[in-house]
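Undergrad: Line by line, the protein sequences give chains A and B. Heads up: the first sequence is residues 190 to 623, going by the working numbering. Heads up: the second sequence is residues 190 to 623, going by the working numbering.
Worth flagging that the hints you see were computed from the coordinates, not collected in a lab. It should be emphasised that the depicted structure is a prediction, and the values quoted were computed from it without experimental measurement. Each hint should be verified, as a subset may be incorrect.
Since the list gives no way to pick one copy over another, a pair counts as held whenever it fits inside one copy or between any two copies.
[Unchecked claim] Capping the alpha-carbon separation at 20 Å, the derived lysine to any residue pairs in SDA-like fashion look like this:
(1) K329 with V257
(2) K572 with D603
(3) K482 with D262
(4) K352 with Y619
(5) K420 with D259
(6) K398 with D201
(7) K207 with E221
(8) K352 with I222
2 protein chains.
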Amino acid sequence: MRIVDLIQRKRDGGELGKEEIEFFIQGYHKGEIPDYQASALLMAIYFTGLTDVELVDWTQTILSLAPVFDLSDVPGPKVDKHSTGGVGDKTSMIVGPLAAAAGVTVPMVASRGMAYTGGTLDKFQSIPGFNAHLRSPEYKAALRSAGLAVIAEDEELTPAVKKIRALREATGTAESVPLITAALLSGKLAVGLDSIVFDVKTGSGALIKKMTDSRRLAQSLANVAKRMDKKTVCLISDMDQPLGNAIGNALEVMEAVEAMRGNGPPDLVELSLELAARIVRLAFPDRDLESAKEQVFKLLGDGSALKKFRQLIEIQGGNPQVIDSFELLPTSSEEFVVSSPRAGFVSRISADDIGQAVALLGAGRITPEAQIDPAVGIVLEHKVGDRVQAGERLCTIYYNSNAHLEEACQTVEDAFHISANAPETRPLVYEVLQ
Amino acid sequence: MRIVDLIQRKRDGGELGKEEIEFFIQGYHKGEIPDYQASALLMAIYFTGLTDVELVDWTQTILSLAPVFDLSDVPGPKVDKHSTGGVGDKTSMIVGPLAAAAGVTVPMVASRGMAYTGGTLDKFQSIPGFNAHLRSPEYKAALRSAGLAVIAEDEELTPAVKKIRALREATGTAESVPLITAALLSGKLAVGLDSIVFDVKTGSGALIKKMTDSRRLAQSLANVAKRMDKKTVCLISDMDQPLGNAIGNALEVMEAVEAMRGNGPPDLVELSLELAARIVRLAFPDRDLESAKEQVFKLLGDGSALKKFRQLIEIQGGNPQVIDSFELLPTSSEEFVVSSPRAGFVSRISADDIGQAVALLGAGRITPEAQIDPAVGIVLEHKVGDRVQAGERLCTIYYNSNAHLEEACQTVEDAFHISANAPETRPLVYEVLQ
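Just chain A, same shape as in the assembly (with noise of 0.2 Å):
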């Protein structure tokens, strides 16, 4: 077998059979294959794709590398949900501890961030002493007292993932459709999940930038996992604005825990109930969608959610006290406000502009071995279709480095639009695919 004829067969439109997959995916992890053949076939994928068969086994062959985590002896129904990430979305630190009040077991896999903000990997590692980096029986351990865990998403779980993933951020083909699937859904089933809710991102500040996108990607993420005997849910949810008002990641530890408080932004808070419910609603067949958002809508407020959070930091040897004083968290020294240039209608807020701002800030990763920052930030004072006024405040900077404030302030005041009118409502929940 030569890779080359697999690289021709995949860009002429053909289709490869399981062992040529395999030979493909084994060869290039153990090194056999170089690296600028297998960007050759990438590319050739970003152009022709690969089937539902293709990809159940080139999941599969991911899967084969690593041992995947055996969570039969936890008891419960697992199943957590996945985001394909945006900015401000901290929904994995509120609907995590929401499915486990609700009585689901939640294995979280976190990932450092790639582009943009922090990964919510980041995000729990802002909390000083969480520890994600866990071995198995921990893992377990931590599962089977609090009913939920977070562990890296690192070298073990999935090596051939993150070779690919690596060589894909280099070479233009990271947001190949099925590429995506693939990496996402060998994620999860490495960690042993029975379910998995994917909430597929759509809009500027999206991996997926675009709906027809977006929709094919939830489409293939419910094909793949059918034929792989997997339950999965998809939601293909708004993220042309950011999600909630704090970007940055203890800053958005801070918004999630007033969340939890019953003190939310509203579209966080609608759109993590939504996710929590359909996660009840995977893990219990029986149960209707109604109920399961009737109880997670109860664990919110009375306190549940927050219950478990703490139980969640606690166990995973971060200092719970962070949720009663929020000093505690990283802070930034600096701060500085945007004011609106003129009365008006916010009338977008690009997820996109805010992401690049906070990254320049250094609440994110430029290249892939930066340090982040886990106290700056921004948090918005005002969303999509609020009226406001000239000199109003719109965001609030948090910083503590000049470095390259001057830019992220001019991307932030370019990522604000002021209109005469008010704008139409987008929906924060397109579709949802089962």
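We have chain A already, so just place chain B on it with the hints.
TA: Okay, now just chain B, sitting in the frame of chain A:
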């Protein structure tokens, strides 16, 4: 400037500016841009193409990385032809001497074979003593005294092309029409040609097999050359069956000599005359095509071309006696005859299969490092359209080693299609673009 941004732009069908193309080609040439990003860009280009403007920039950047030969002190119009390569194509050995005999200065660049059979360089080098690794002063001296000279396309000539070509071969991007255009044009312009006749092959034995793609390549060559103020003519000629009867390096030298003695196979003679006449027409714009054709026909018949060929061999250190005594050329020790399994018409001789068979015998390179055997090859006794009897000889295989003989014979047998009815005749030259 980040290469990943350029990859994404090409991937999405955008255009690159001159500085961006320079950034890529110069960076890749210097080793600052890794192979895996270059191959992703090449694959994106395979799918989205390069505009004529991009191709001019691309070609000029390649030419800027090596000293282009300055032939301004060599008298006469400098014109050569270039074929995209095919099985049994030995026209260069006939056309060069013919055009030189007609008063054109013919600076030939010959390359090694990449697939299948040997390249023109390998064919010339099967002549004992023939040295194509000339330096610029020797090359110019040969051009001045004989009116033609052959130089090996090597590292110094177009190093960026060579590096990109090797990557293309390994990554399934060799067949990209714009990348072929840039490679062909820069290769020819590097030796200081004023005008070029391109012979774009189409059919099973060609690099580009489909007529639509061949036409795209011919059009692209013509357009880009025009923008670079170089006159070209592009022929699209048949490469579905081998050209002439001999395939294999020394065997093709013998057939070329026979053609210059007036004993050549009709298709080889016809195409050689056509190409030579086109060269003469480009070199002397006041001449019409008919008179150019008459002239080269005469020069072939009266021995002038062969005399020029003899002069070329002498001046490049080869033994001109091979012309009179073929036994001075490398010859194989063994022969094998392939006969027709039944009576009928030869309806097809797959050039692709014949090419693979001679590669198996050792006449071509299966890997880039492989040594070729100049003596081995195949001589066809019948061509498409011929009527044959059962058991009649179809071709003779000349070989030195049994290693892949059986596979080669099988491939040759598969190459011949014998049908009950006479096949439709295909034209030798399909189109001429000027």
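Undergrad: Within, between, both or neither: how does the pair K572, D603 come out at a Cα-Cα threshold of 20 Å?
TA: within (15 Å within a copy, 71 Å between copies)
Undergrad: Go through the copies and call it for K398 and D201: within, between, both or neither, with a Cα cutoff of 20 Å.
TA: This pair counts as between: shortest inter-copy Cα distance 14 Å, intra-copy 27 Å.
Undergrad: Given a CA cutoff of 20 Å, do K329 and V257 count as a within-copy pair, a between-copy pair, both, or neither?
TA: within (13 Å within a copy, 68 Å between copies)
Undergrad: At 20 Å max between alpha carbons, let me know whether K420 reaches D259 within a copy, between copies, both or neither.
TA: Answer is within: at 18 Å inside a copy they meet the 20 Å cutoff, but 70 Å across does not.
Undergrad: Between K482 and D262, at a C-alpha cutoff of 20 Å, which is it: within one copy, between copies, both, or neither?
TA: Classified as neither: same-chain Cα gap 29 Å, cross-chain 87 Å, threshold 20 Å.
Undergrad: Regarding K207 and E221, is the shortest C-alpha distance of 20 Å or less found within a copy, between copies, in both, or in neither?
TA: within (18 Å within a copy, 36 Å between copies)
Undergrad: Please work out whether the CA atoms of K352 and Y619 approach to 20 Å or closer within one copy, between two copies, in both situations, or in neither?
TA: neither (33 Å within a copy, 49 Å between copies)
Undergrad: Tell me, please, which holds for K352 and I222 at an alpha-carbon limit of 20 Å: within, between, both or neither?
TA: both (12 Å within a copy, 19 Å between copies)
Consistency note: the structure conflicts with the earlier hints numbered 3, 4.
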